[in-house]
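Chemist: Sequence:
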Amino acid sequence: MPLSTDSQVLETSNGLVTTMRGAAGPHPGFRPAHAKGHLITGTFTPSTDASSLTSAPHFNSASTPITVRFSSSTGIPDIPDTDANGNPRGIAIRFHLPDVNGRRAHTDIVAHSTKYFPTRTGAEFLEFLKAATGPNAAEAVPEFLGRHPETVRFLQDPKPSPVSFATQHYFGVNAFKFVKDGKVTALRYRIVPVAGEQYVSDEDLKSRSAKYLFDETPKRLESGPIEFKLLAQIAEEGDVTDNAQEIWPEERKFVELGAIQIDKSLSEEESLKEQKHIIFDPIPRVEGVEASDDPLLDTRANVYLVSGKQRRGEKGGEAAEVKQTEAATAAT
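Going by our numbering, the sequence shown runs without a break in its numbering and finishes at 332.
Hints in this document: simulated from the structure, not taken from any laboratory.
Keep in mind the model is a prediction, meaning the values are calculated, not measured.
Positions of the beta carbon are idealized from the N, C-alpha and C atoms, including for glycine.
Warning: the hint list may mix true and false statements.
Unchecked claim - Distance ranges between label pairs, derived from CB positions:
| no. | residue 1 | residue 2 | range |
| --- | --- | --- | --- |
| 1 | Asn60 | Glu227 | 16 to 26 Å |
| 2 | Thr48 | Glu227 | 30 to 40 Å |
| 3 | Ala62 | Arg104 | 46 to 56 Å |
| 4 | Pro26 | Pro142 | 47 to 57 Å |
| 5 | Pro65 | Lys211 | 39 to 49 Å |
| 6 | Thr48 | Arg252 | 13 to 23 Å |
| 7 | Glu197 | Asp83 | 31 to 41 Å |
| 8 | Lys273 | Val100 | 46 to 56 Å |
| 9 | Glu236 | Ala84 | 11 to 21 Å |
| 10 | Arg103 | Glu197 | 34 to 44 Å |
Said to hold, decoys possible - Each computed EDC-like pair below joins lysine to aspartate or glutamate, with the alpha-carbon atoms no more than 16 Å apart:
| no. | residue 1 | residue 2 |
| --- | --- | --- |
| 11 | Lys309 | Asp281 |
| 12 | Lys229 | Glu203 |
| 13 | Lys264 | Asp215 |
| 14 | Lys180 | Asp281 |
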């Protein structure tokens, strides 16, 4: 997973990580966004329809082991599960593929519990965050929102708290391309709970504990696996694929790509250790699945990588990233 060679993308990515960390406060070893999370493991079983659309190995094998991370929004690792700012919730899925030339191979899907994203580009998101966290927020935020009604749509979209991470619907942010025998299919992911969508009322939420979601997951697993269906919403001719804010009509065809079955929750100690190491990647980087031309993807991937290297505690990690940005800028 390489850093971008685009100096502007690197500058924006570093700026986003720095600004998000500044907003949440210093929390070494944690992500600057969706800091509160827990890892669980399971298996993905593809459908026959999936193998007809893509040559990707996880859609053509009998099954593939997966690691899943459920998470809450913000960069605050101890944010109460009852805090509305914890929504939208997030899910990241790592598919562990067969080794390639002796090296571990994998690909990821990252999604969250609203179909919207706040801005068109990473640079606009950084502008919004700086407005919201700056000294003139009372003036800067309304000014920004006046120019970006799509951000208002994201902010106003209902984000109820789920009964469980297992009863939450998740939406892929960006479009991707499935490739098979020269045929290209544009799509977006959906992750649908087999248990059905279930949410907590504002009144009932008051009586829930600050860790009710994260305590509920291992207890639920004692009664059996957590299951989701992985779906693909298929784009039609004329549907925009390079803008995460262009939502396709619900009338578009959906194809079931396979079944996600989660059966084991890592201990808190195991989860924290592995979360410090694992860096999810919004770009698939696997044969048979290609990124769309959405410019948001490159920035998202670099934000994940920059923050991941910092999280791993590499010596001079943040300074090294800044030096790489400066070197890339000087080379242009």
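Chemist: When the hints from earlier in the document are held up against this structure, which numbers fail?
Modeler: 2, 3, 4, 5, 7, 8, 9, 12 and 14
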